[in-house]
Amino acid sequence: MCTTCGCGDTELVPVELHEKILAGNDRAARHNREHFLESGVLALNLMGSPGAGKTAVLEATAKAAASKGWKLGAVSADLATDNDARRLQKAGIPSKAITTGQACHLDAELVHRSLHDFPWQQTDVFFIENVGNLVCPAIYDLGQAANVVVLSVTEGEDKPLKYPVMFNAADLVLLTKCDLVPHLDVELAKVHDALARVMPRPRVIEVSARSGQGMDAWVAWLEELRDGIGLGAAAHAHSHAHEHSHDHAHGAEHHAHVHSHAHAHDGGHAHDGADHHGHSHAGGGKHDHEH
Amino acid sequence: MHEYSLVEALVTRVEAEARKRGALAVHRLSVRVGELSGVDPELFQTAYETFRAGTLCADVPLTLTRVAASWSCPRCKTPIARGAILRCPACDAPGKLDDGSDALTLDRIEMEVP
Numbered sequence: 000m001c002t003t004c005g006c007g008d009t010e011l012v013p014v015e016l017h018e019k020i021l022a023g024n025d026r027a028a029r030h031n032r033e034h035f036l037e038s039g040v041l042a043l044n045l046m047g048s049p050g051a052g053k054t055a056v057l058e059a060t061a062k063a064a065a066s067k068g069w070k071l072g073a074v075s076a077d078l079a080t081d082n083d084a085r086r087l088q089k090a091g092i093p094s095k096a097i098t099t100g101q102a103c104h105l106d107a108e109l110v111h112r113s114l115h116d117f118p119w120q121q122t123d124v125f126f127i128e129n130v131g132n133l134v135c136p137a138i139y140d141l142g143q144a145a146n147v148v149v150l151s152v153t154e155g156e157d158k159p160l161k162y163p164v165m166f167n168a169a170d171l172v173l174l175t176k177c178d179l180v181p182h183l184d185v186e187l188a189k190v191h192d193a194l195a196r197v198m199p200r201p202r203v204i205e206v207s208a209r210s211g212q213g214m215d216a217w218v219a220w221l222e223e224l225r226d227g228i229g230l231g232a233a234a235h236a237h238s239h240a241h242e243h244s245h246d247h248a249h250g251a252e253h254h255a256h257v258h259s260h261a262h263a264h265d266g267g268h269a270h271d272g273a274d275h276h277g278h279s280h281a282g283g284g285k286h287d288h289e290h
Numbered sequence: 000m001h002e003y004s005l006v007e008a009l010v011t012r013v014e015a016e017a018r019k020r021g022a023l024a025v026h027r028l029s030v031r032v033g034e035l036s037g038v039d040p041e042l043f044q045t046a047y048e049t050f051r052a053g054t055l056c057a058d059v060p061l062t063l064t065r066v067a068a069s070w071s072c073p074r075c076k077t078p079i080a081r082g083a084i085l086r087c088p089a090c091d092a093p094g095k096l097d098d099g100s101d102a103l104t105l106d107r108i109e110m111e112v113p
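Protein sequences, first through last, are from chains A and B. Residue 290, in numbering that gives the first Met the number 0, is where the first sequence stops; the numbers in between run on with no holes. Residue 113, in numbering that gives the first Met the number 0, is where the second sequence stops; the numbers in between run on with no holes.
Hints in this document: simulated from the structure, not taken from any laboratory. Errors might be hidden in some of the hints.
Claimed, not checked - Derived coverage of chain A by chain B (criterion: at least 3 residues anywhere in the stretch with Cβ under 8 Å from a Cβ of chain B; other residues may be distant): (1) 58-66; (2) 73-82; (3) 195-202.
As the list claims (entries may be wrong) - Derived DEER-like restraints, expressed as beta-carbon distance ranges: (4) 14(B) to 8(A): 34 to 44 Å; (5) 81(B) to 155(A): 41 to 51 Å; (6) 91(A) to 60(B): 28 to 38 Å; (7) 189(A) to 65(B): 27 to 37 Å; (8) 81(B) to 85(A): 39 to 49 Å; (9) 7(B) to 189(A): 12 to 22 Å; (10) 15(B) to 30(A): 41 to 51 Å; (11) 18(A) to 53(B): 17 to 27 Å.
Think of the CB as a built atom: it goes at the ideal place given N, C-alpha and C, for glycine as much as any other residue.
With the rest of the complex left out, here is chain A (with noise of 0.2 Å):
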């Protein structure tokens, strides 16, 4: 009512709300990140175009995470198909479909509802591969670990200039198909530097789904990001039983706390190809930030 005089008028007010509009799927997607978390599951969130390479990376990382004794389990989505599901299941990645219609992204609410019949608490590592895309799902959390998206060297330089929300979002690049450099003309060090214009902190892996090239350095940020969420050996709170051996003589010293802000802590590296080291941190928190 008018508090004016009370005459019964009808009133015009501004609503103040500063608020996200994806405020709905974050909060879906922290319900899937306490979930992750309480089941010690890694849960990452691949990302790249179409053809990028994500499903080869997966099944290469099945071989080359093997020692690791992880159980590794998939949903990978795509607008039509099974068939990269399929892949990954012959490739021994449990892995289910996401049938995504016309959706050019999943979202939250998509992964959750993929959740329910597929045994994913049984897994250490599990990844979620988003619709081949390097634009849409780019700002939908998921309730992911880590972002890591996948940019192989077919598709030119300049690529993440071109798409910088989607590299602006990855916590760690995997420069893929790095086994046919010497028949392209791409040089690898001005994809680095078009990286470091689109993310601060730069991590990037250069790696070869076919020959192995760099396989390893990823399964060592896997289980650098698994000791740094909590996941590792000592924090191995899970029951399923399975037998393997960590070798790895670190793990008590590791808290288990996730990171609330991107990439606490800058050892300082430039982009520096493969030979990577030190920190661990869990890039879901980017989301959970005001910028």
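Starting from the known structure of chain A, fit chain B onto it as the hints suggest.
Structure of chain B alone, referenced to chain A:
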């Protein structure tokens, strides 16, 4: 074309707020779109105009405020030039995205209340 799913979330949120406050009508929406929000403002506007039919927002204009992306040093606040390597030119710290650069926020709903 994720703009449609974003517009759907927007309209749903506006309808909930209007219900909560017993609004008789909604007059205007204001949304802030950062350059690194992953949303194209024109596509967003088009998606809104298509999607709003039959909703409480059917005749409600949408004002989009664009925010240019910028980076600066979290330590010494030195701005980082557009397109440059994202490290502070003064102290070499990794850059930080300035507020609003990646925002996609519903700032304000103007509504008519009894």
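Could you check the structure against the hints above and give me the numbers of any it violates, in ascending order? 1, 2, 4, 5, 6, 9, 10
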